[in-house]
Each structure stands twice: as C-alpha cells, then as structure tokens.
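Dock the two chains into a complex; use the hints.
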Amino acid sequence: MSVSYQPVLWNRTKLIYDAVLIVAIVAYVLIFLKLGPMLSQAMAETNVPILRMRAFGSLALILLTVVLAIGPLARLDVRLMPLLYNRRHFGVMTAIVAATHAWYVLAWYFAFSPTPQLLALFTSNTSFGHVAGFPFELFGVLALTILAVLAATSHDFWLSFLSPPLWKAIHMSVYGAYAAVVLHVTLGALADGKNAALGVFLFISLGTLCALHLIAGRRERAADKAASAQDEKTHWIDIGDLTEIAENRAIIGAAPGGERIAVFRSKGKLSALSNLCSHQNGPVGEGKVVLGLVTCPWHGYQYRLEDGCSPPPFKERIRKYRVALSGTRVLVDPEPLPLGTRLEPLSIPEEQLAASAASSGG
Amino acid sequence: MQRRHRRAHAAIWTLLAIALPVALTVIFLSYPKLSKDAPAIRLDEPSKTATGQS
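From first to last, the protein sequence lines stand for chains Z and H.
Going by the numbering used here, the residue at position 270 of the first sequence is 400; the numbering climbs one at a time, nothing skipped.
Going by the numbering used here, the residue at position 51 of the second sequence is 54; the numbering climbs one at a time, nothing skipped.
In isolation and in its complexed conformation, chain H is listed as follows (with noise of 0.2 Å):
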C-alpha cells in the first residue's frame, strides 16, 4: 500500500513541476500590457500622481 502512495505522490508533484510553471507563464504572459504611445501620465496609478511624480 505504501508503494501505492509513493507512486501517486511522484505523478502528482511531477504533473504539478510541468503544469503550474507552464501555467504561470501563460498567465504573465497575458497580463495587459501598456501600448508603445500611452501617455506618460496614468490616471490608474494614484500612488504617484498624488505625490506628484508623475
């Protein structure tokens, strides 16, 4: 029996070693991005207009 579970918990972690990096990527790599020309003033980052650092 304990075979049995040292067996499954190898394919487990292997699968997970394969799948969440591969899904990390995917999700970073779809993450929105800021066009090339966006203005330098963004009005979606308050931590820097309010201290006036933008």
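Just chain Z, with the same shape it has in the complex (with noise of 0.2 Å):
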C-alpha cells in the first residue's frame, strides 16, 4: 500500500519474481545464441547479428503470450493468481526485451542508411497497396509504441495519478500491440517461407490466447448473469446462506447494478464489503482475513471489516454495505456506505452460529 511515492517498493516475493524472469530471458538468448547453430544448419549459416535480432525478436513474441494468458490463467485456476503479483515487472521486461530487438534491427539494416535511421526505417518499404510485401515495420513500430507507453505508466505512481479504471483502459491498449506484434511477425518473419517454428507458434500464441481470454470471459458473464435475488419490499439482495461462508473467507454477490458485493465472516461476525480492491480493482472477496484484516488476493491490499479503510498509515478505502440475517440466509443493502463510514460487524446470533457450524461439520 502507499503512503508517499516511491520508484519501487520490492520485496523478497518481487526479487524472486523478477529474478527467475530475468534467468528466463538470459537463458533463451544462449540457448538460442549458441545451441541453436548448433542444431539448425539454417541457423549455423545466419548471420550473427541476423540470429540476435531473432533471438530477441521471439523471445519478446513468447514474453507477450505469457503476459497476457497470465490474467485468464489466474481467474480460471486461482492457484495461479501469484503470478499476478508482479505481472507489471514482466510487461516491462517484455517492452525492454522489444526494444532489444528494435535496436538491433536498426543498428544491422540501417547501420550505413544515407537518412537518419528512423527515417529510413518509415520510407525504405511503401508498398501499402500489396498485402505481400507491407510495410510490416509500422506494425512492429506501433506494438513497440504502446509496450513503451503501458510500461512508463505501469507504476502505481500512474495507477493512483490515472484512477483504477482510466488506468485499466489505457493498458487494455496491450491487446492491440499483440494484435500489432501477429501481424508484424505474419507479414515479416513469416513472409519467406523458411521459420516453420515461428509459425508454429504464433498459432499455438494466438489459439491459446484467445481461447483462454474467451473462456475466462464466459464464465464472469454468466456471473454477471446470475445477480444476486432481490427483495420486492426492502430491496436488499440475497447473497447466499450462512454455512456457505467459511471462516475468514467471503462469498460474492451481486448488485443489480452489476456491482459485486463480497461477504467476510470472522470470529463469529459478518461484513459486507466492494469486491473491487482500491489498488487495481482486484477481487477481495477471493482473498480472506489476515490478522483482523480483509487481504486482497492479488496485491496485499488491506482493509478493516467496519470501516472497509485501510489501517493507518494507508490511505485506501473501499466500500461498505450494511449487511442482515434472515434465518440463516445473508441479506446486503446493495446501496453503498459513504466511503469510511464506520459499521460495526454484524453478530451471528448463537442458534444459528450452532446451525451453521454443525451444517458445515456435517
């Protein structure tokens, strides 16, 4: 959480992350520098600077798969979610890891050029009217654009400076440089023929994404779809029933509104909180209770049960609901709380605290 601004805020789980990330990436470029030539008479008789620009220009292809099947991996399978933590750190490493290969280009076929080096990079190919033979640089250019940009803004500096959802939309922009990056490698690498492995995968790349991304999709609409039952009367929706909460941990309703709504239940209590982290809008409700603290699953974020603030010195805040028990089904006001309005928890009455723990025994 934040206090004051920061560059970076590591932590042994961030330097582990990282570290194996960067092993990673030293790894493919050797194994692909040194073994490759060795294995591939193709690639024995390429040049080296040529085999550099490869090495980096697919690695940073494969970087950009990983990145992004990382997010529907994690809502499909949450024993997934850790790789979530420090997924900003892998996007600029694959920014980085583009530019590298941006670099190398230039610096090879444009080394001698006449005209500045970009310039010759945006005027040496004009065949926009042929679909074979299209500039195919400019889609390299844009992808590599939009990685810049999402990686200068990744901080949370820009997070809290844009807001959550701002911030999102502007990194939503990553679809489009992988969309970019297909079509650069399709109409580029891919044009003579001869990179049957490229090929390969740029197929499994973009199947698998968007399989993944639909997938993931799918099953947050029907989600949406199943909005928690609301009361004609008082209006206040059902979440669920009480022996379905385990302790420490919340189940998630849904607003009208399509707001979803997370209810924790600790040491006998009930709290209904925003499922949406204040950080990145991150599911709280999927995380649980540390130490007297609701703990969002995706960043630590921590928040009060009666107030939904976070403890001092923190300054994040997220939503409370009032919350009420009917028999032993959890009702919700899906009307929010003023941002920090203290509630106390709500106190499971003893019968049905017997009920529920002797249901969920059974």
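If you are wondering where the hints come from, they were derived from the structure by calculation, not from laboratory data.
Ideal placement from N, C-alpha and C gives every residue a C-beta, glycine not left out.
Fair warning: there could be bad hints in the mix.
As the list claims (entries may be wrong) - Derived DEER-like restraints, expressed as beta-carbon distance ranges: (1) V25/H x G387/Z: 19 to 25 Å; (2) P24/H x H365/Z: 25 to 31 Å; (3) S303/Z x K39/H: 32 to 38 Å; (4) K39/H x K355/Z: 53 to 59 Å; (5) R209/Z x K39/H: 52 to 58 Å.
Stated by the list, open to error - With a straight-line Cα cutoff of 20 Å, these simulated SDA-like cross-link-like pairs (lysine to any residue) come out: (6) K324/Z x R6/H; (7) K164/Z x D368/Z; (8) K298/Z x R6/H; (9) K298/Z x Y34/H; (10) K399/Z x D368/Z; (11) K164/Z x Y234/Z; (12) K36/H x F264/Z; (13) K164/Z x F264/Z; (14) K397/Z x A376/Z; (15) K39/H x D322/Z.
Structure, rendered in structure tokens:
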C-alpha cells in the first residue's frame, strides 16, 4: 500500500519473481545464440547480428504471450494467482526485450543509411498497396510504442494519478499491441516461408490466448447474469446462505447494477464490502481475513472489516454495505455507504452460529 | 465499473479471435508462389546452391 511516492517497493517475492524472469530471459537468448546454430544448419549459416535480432524478436513474442495468458489463467485457476502479483514487471521486461530487438534491427539494416535510421525505417518500404510486402515494420513500431507507454505508466504512481478504471482502460491497449505483433511477424519473419517453428508458435499463441480469454470472459458473464435475488419490498439482495461462508473467507453476490459485493465471516461476525480493491480493482472477496484485516489476493492490500479503510498510515478505502440475516440467509443493502463510514460487523446469533457449525461439520 | 471493463475485454477478444485468423489467412494466401514451370535451380536460395544441393 502507498503512503507516499517511492520508485519501487521491493520485497522478497518481487525479487524472486524478477530473478526467475531474468534468468529465463538470459537462458533463452544464450540457448538461441549458442545451441541454435549447433542444432540447425540454417541458423548456423545466418549472420550473428541477424540471429541476435531473431532471438530478441521471438523472445518478445513469447513473453507477450505469457504475460497475456496470466490474467485469464488466474481467473480460471486460483492457484495461478501468484503469477499476477508482479505481472507489471513482466510487462516492462517484455518492452525492454522488444526494444532490444528493434535496436538490433536498426543497427544492422540501417547502419549505413544515408538518411537518419528512423527516417529510413519509415520510408524504405512503401508497398502500402500490397498485402505481401506490406511495410510490416510499422506494425512493429506500433507495438513497441504501446509497450513503451504501458511500461512507462506501469508504476502505482500512475495508477493512483489516473484512477484504476482509466489506468486499466489505457493498459487494455496491450491487446492492440499483441495484434500488431501478430501482423508484424506474419508479414515479416514468416514471409519467406522458412521459419516453421516461429509460424507454429504464432498459431499456438493466438489460439491459446483467444481461447483462454474467451473462456474466462464467458465465466465472468455467467456470474454477472446470476445476479443475486432481490427482495421486492426492501430491495436488499440475497447473497447466499450463512453455511456457505467459511471462517475468514467471503461469498460474493452481485447488486442489480452488476457491482459485486463480498460478505466476510470472521470471529462470529459478518461484514459486507465492495469486491473491488481500490488498488487495481482486484477481487477482494477471493482473498481472506488476515490478522483481522481483509486482504486482497492480488497484491495484499488490506482493509478493516468495520469501515473498509486500510489501517494507518495507509489511505486506501473501499465501500462498505449494510448486512442482515434472515434465518440463515445473508441479506445485503445494495446501496453502498459513503466511503469511510464505520459500521460494526453484524454478530451472528448463537443459534445460527451453532446451526451453521453443525451444517459445515456434517 | 468492473462490469464495463469485463464487457470491453470480452468484446476485444471476440474481435481479435475473428479478425486475426482472417488477416493471417489473407496474408498467407497472398504470399508469392513459384509457378509450376519454374526452374529447379533457384538463385534466391543461397543456402542450397552454396552447398551444392540444388
């Protein structure tokens, strides 16, 4: 959580995440450059500078594929949620690798250009009227520009400055970058028909990412459609049964407008909070109560059960809702309370506590 | 807000899942192909001619 601006807040998990990433990147480049020519005659006959640009270009495609797969994978299987924790560093690393590829391209193909290298890049191929031979370099420039902007605005400072919804909307342009990369590779590296491995990987990447995102989206849509039942008189919504809520965990319901609400159970009491973490809109309700604080599963942001505020000195807040029990049914007022409103968690009556304990025990 | 984000996300990936395979098909079909009566020895394949495999 943030009190004031700091360039990077390092911790052990982040260091391990980044170390694994860097080791994997170095290993890939070394294997490509050293082992590749031993295994492939075509690679052995290729100039080293061209091999270098291919190593970094293919690596950028692989990294972008993985970074785009993390989101839906974490939605489909919570065990993969730790991958989300430092995804932004993954994205920054992808931008650096892609920039290295571009630098090698400029240094090799435009080293002796009589015009400035960037000008030569934009003017050397003007076959705009043909599909085959279309200036694929432009798609690469577009993708790299998007990745560079996203890397530059990836820090929490920009997330806070722009607000999570706007920041997330801007960062969805990474999908445009991916589309540009696919076209860049297809029109460029695959055009001579000699790079079967890259072609196969491109198809696997595209198929896998489309399938993962569409399957995860379908599940979310189904959850949205299953909006919680609403009482006609009070308009409170029925989130579920008390027995469904494990200790220090939550169940999630949906208000008529679609906003999701999480009801936590901790120490014999119930608290209803917005399911959206104020940091990156992570699913707070999929987290758990740690030392009396609701903890978001994405980046560990924490909130008090009684008012939805982070403990001092942190300043993050999420909305709180009124909660009631009707028998063992958990009801929530879909109208949120003003941010920071203090509302003591609802005590579960003894008989319902015993009943739910017996039910969960059986 | 999150629901709008989810809808935008689903719309983008539906579009990509349709548009990109179509674009790839068009690009692959447009690659120049050798005519049936093209000579067997190709000057544009230096690796084969260099090793005498032509």
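Cross-check of the supplied hints:
A beta carbon spacing of about 36 Å between V25/H and G387/Z contradicts the range 19 to 25 Å that was offered as a hint. Between P24/H and H365/Z the beta carbon distance is about 46 Å. The supplied range of 25 to 31 Å is therefore violated. A hinted range of 32 to 38 Å for the beta carbons of S303/Z and K39/H is inconsistent with their spacing of about 45 Å. Against the hinted window of 53 to 59 Å, the Cβ-Cβ separation of K39/H and K355/Z comes to about 56 Å, which satisfies the hint.
A hinted range of 52 to 58 Å holds for the C-beta pair R209/Z and K39/H, which are about 55 Å apart. A threshold of 20 Å between alpha carbons decides the hint, and for K324/Z with R6/H the separation of about 44 Å lies outside it, so the pair is violated. The hinted pair formed by K164/Z and D368/Z fails the criterion: a straight-line CA distance of about 62 Å is larger than 20 Å. A threshold of 20 Å between alpha carbons decides the hint, and for K298/Z with R6/H the separation of about 13 Å falls inside it, so the pair holds.
A threshold of 20 Å between alpha carbons decides the hint, and for K298/Z with Y34/H the separation of about 38 Å lies outside it, so the pair is violated. This hinted pair checks out: K399/Z and D368/Z have alpha carbons roughly 17 Å apart, not beyond 20 Å. Simply put, K164/Z and Y234/Z have alpha-carbon atoms about 18 Å apart, close enough for the 20 Å limit, and the pair holds. Under the criterion of a C-alpha separation no larger than 20 Å, the hint pairing K36/H with F264/Z is consistent with the structure, at around 16 Å.
For the hint linking K164/Z to F264/Z, the alpha-carbon distance of about 32 Å lies beyond 20 Å, and the restraint is violated. Distance restraint check for K397/Z and A376/Z: the Cα-Cα separation of roughly 11 Å lies within the 20 Å cut-off, and the hinted pair is therefore satisfied. At roughly 18 Å between alpha-carbon atoms, K39/H and D322/Z fall within 20 Å of each other, so this suggested pair holds.
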